[in-house]
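Enquirer: Same order as they appear, the protein sequences are chains A and B. Residue numbers in the first sequence follow the numbering used here, run continuously in steps of one, and reach 133 at the last position. Residue numbers in the second sequence follow the numbering used here, run continuously in steps of one, and reach 127 at the last position.
No lab work stands behind these hints: they were computed from the structure. None of these values were measured; they are calculated from a predicted model. Cβ coordinates follow ideal geometry from the N, Cα and C atoms, glycine included. Errors might be hidden in some of the hints.
Computed list of lysine to aspartate or glutamate pairs in DMTMM-like fashion (alpha-carbon distance at most 20 Å, straight line) [what the hints assert, rightly or not]:
id: 1; chain 1: B; residue 1: Lys79; chain 2: A; residue 2: Asp92
id: 2; chain 1: B; residue 1: Lys79; chain 2: B; residue 2: Asp109
id: 3; chain 1: A; residue 1: Lys52; chain 2: A; residue 2: Glu62
id: 4; chain 1: A; residue 1: Lys52; chain 2: A; residue 2: Asp92
id: 5; chain 1: B; residue 1: Lys79; chain 2: B; residue 2: Glu54
id: 6; chain 1: A; residue 1: Lys52; chain 2: A; residue 2: Glu63
id: 7; chain 1: A; residue 1: Lys52; chain 2: B; residue 2: Asp101
id: 8; chain 1: B; residue 1: Lys79; chain 2: B; residue 2: Glu66
id: 9; chain 1: A; residue 1: Lys52; chain 2: B; residue 2: Asp100
id: 10; chain 1: A; residue 1: Lys52; chain 2: A; residue 2: Glu67
id: 11; chain 1: A; residue 1: Lys52; chain 2: B; residue 2: Asp99
id: 12; chain 1: A; residue 1: Lys52; chain 2: B; residue 2: Asp116
id: 13; chain 1: B; residue 1: Lys79; chain 2: B; residue 2: Asp99
Some chain B residues judged to face chain A by a derived CB distance under 10 Å, without partners named [unchecked claim]:
id: 14; residue: Val46
id: 15; residue: Arg55
id: 16; residue: Phe92
id: 17; residue: Asn94
id: 18; residue: Pro122
id: 19; residue: Val124
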Amino acid sequence: MLSVTTAVRDQIVEHCLAGRPEEACGLLGGTINGESADATVCYPGRNLAASAILYELDPKDHLLADRDAEERGLELVGVFHSHTHTEAYPSPTDVGRAPDPTWHYVLVSLRDQEPVIRSFRIQDGRITEEPLETSATTGDN
Amino acid sequence: MAVIVRLPTVLRPHAGGERQVDAAGATVAEVMGDLIGRFPSLKDQLFESEASLRRFVNVYLNDDDIRYLGGLDAGVSDGDQLTILPAVAGG
Chain A
-7 MLSVTTAVRD
3 QIVEHCLAGR
13 PEEACGLLGG
23 TINGESADAT
33 VCYPGRNLAA
43 SAILYELDPK
53 DHLLADRDAE
63 ERGLELVGVF
73 HSHTHTEAYP
83 SPTDVGRAPD
93 PTWHYVLVSL
103 RDQEPVIRSF
113 RIQDGRITEE
123 PLETSATTGD
133 N
Chain B
37 MAVIVRLPTV
47 LRPHAGGERQ
57 VDAAGATVAE
67 VMGDLIGRFP
77 SLKDQLFESE
87 ASLRRFVNVY
97 LNDDDIRYLG
107 GLDAGVSDGD
117 QLTILPAVAG
127 G
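Can you build the whole structure from these sequences, using the hints too?
Expert: Listed below in structure tokens is the structure:
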């Protein structure tokens, strides 16, 4: 399960909406608890691919997020990105390029009026949806 | 030169579970060589061939991508920080 704070959830959706018509992406910082994680910090990133169908997180944004998470005593626990015209489900490219089997993969679909946000694990090429829970706490932001 | 190598979660199982390790060398290549000498299974994770890193591995020397510093030949100084990160991408 992935638990996100209300603030993190709002930041994810805001960043994805702001990135339209291109895909938007970013990282999540938090704590790992076995197969679950609590995401308490959102790191909006730049999409170097500048594309409506691909994303490539600027590695400099990754570096800065990694350092900030370490300073806070947190880990990077996952990545989020948007699908502007398709459902919130990992594409074959998402599976092929998934960088870390311990991560949680958050997908935001902007296809419909209301953004749809879902979370997945991607391990050994297999996609497993997991519960995405929003906690009431405000987190570290 | 003694540098600190920071590892992403995906690589830590190959380095005894450590988040960061010390390594020595005068260039990025030598530091990597020292690291792999102690943690041999990192080699396939990091290198495509003897002389080139995997395409989806990003290496930062302090604040700079080593691709802009001369790649594996980039010189390192005492206390430098080498950060290894997986490329994060998808569609």
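Enquirer: Are the hints correct? Go through all of them and say.
Expert: Evaluated hints:
1. B:Lys79 with A:Asp92: This hinted pair holds, its Cα atoms lying about 17 Å apart.
2. B:Lys79 with B:Asp109: At roughly 17 Å apart (the allowed maximum being 20 Å), Asp109 of chain B and Lys79 of chain B satisfy the hint.
3. A:Lys52 with A:Glu62: 15 Å, holds
4. A:Lys52 with A:Asp92: Given that 20 Å is the threshold and the Cα spacing comes to 18 Å, the pair holds.
5. B:Lys79 with B:Glu54: 16 Å, holds
6. A:Lys52 with A:Glu63: Holds, because 17 Å separates the two Cα atoms, which is no more than 20 Å.
7. A:Lys52 with B:Asp101: 8 Å, holds
8. B:Lys79 with B:Glu66: 13 Å, holds
9. A:Lys52 with B:Asp100: 8 Å, holds
10. A:Lys52 with A:Glu67: Holds, at about 17 Å.
11. A:Lys52 with B:Asp99: 8 Å, holds
12. A:Lys52 with B:Asp116: Holds. Lys52 of chain A to Asp116 of chain B sits at ~17 Å (cutoff 20 Å).
13. B:Lys79 with B:Asp99: 24 Å, violated
14. Val46: At 4 Å from the nearest chain A Cβ, Val46 of chain B passes the 10 Å test, so the hint holds.
15. Arg55: 8 Å, holds
16. Phe92: 7 Å, holds
17. Asn94: 4 Å, holds
18. Pro122: 4 Å, holds
19. Val124: 4 Å, holds
Figure legend: structure checked against the earlier numbered hints; the only hint not met is number 13.
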